[in-house]
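Colleague: Sequence:
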Amino acid sequence: MSDNKRIGIATVNIRTTLQPNGEYSAIDDDTYDGEGSAMGWGATPEAAIEDLKEQIADRSFARQDGLGYSSDYRWG
Numbered sequence: 251m252s253d254n255k256r257i258g259i260a261t262v263n264i265r266t267t268l269q270p271n272g273e274y275s276a277i278d279d280d281t282y283d284g285e286g287s288a289m290g291w292g293a294t295p296e297a298a299i300e301d302l303k304e305q306i307a308d309r310s311f312a313r314q315d316g317l318g319y320s321s322d323y324r325w326g
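Take any residue in the sequence shown, note its place counting from 1, add 250, and you have its number in the numbering used here.
Treat the hints as calculated values from the structure; they're not laboratory data. Even for Gly, the Cβ is constructed at its ideal location relative to N, Cα and C. Hints may be right or wrong, so weigh each one.
[Stated by the list, open to error] Derived CB-CB ranges, DEER-like: (1) R265 <-> A307: 17 to 25 Å; (2) S310 <-> D279: 12 to 20 Å; (3) G272 <-> S310: 17 to 25 Å.
Working from the sequences, and respecting the hints, build out all of it.
Modeller: As structure tokens, then:
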């Protein structure tokens, strides 16, 4: 019996923007599709990117099937 696990790997094109309220936002330019898409927020660009990574990880975990990521997984 094998303990092999399928792992999903994706590359992202992250863009950070300073918002009028003084916070930074971070999105993945390749998958951002408006409201409901993952978007990170933070006091610095780095904090916004970390928040975005956490959101993407949470969404990945929520959409896993028993063997790995579901075939219809989409970040946006």
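Colleague: Using the Cβ atoms, figure out if G272 sits within 17 to 25 Å of S310.
Modeller: 30 Å, violated
Colleague: The hint says 17 to 25 Å between R265 and A307; measuring C-beta to C-beta, is that right?
Modeller: 19 Å, holds
Colleague: Does the Cβ-Cβ separation between S310 and D279 fall within 12 to 20 Å?
Modeller: 19 Å, holds
Hint compliance for this structure: hint 3 is the single one not met.
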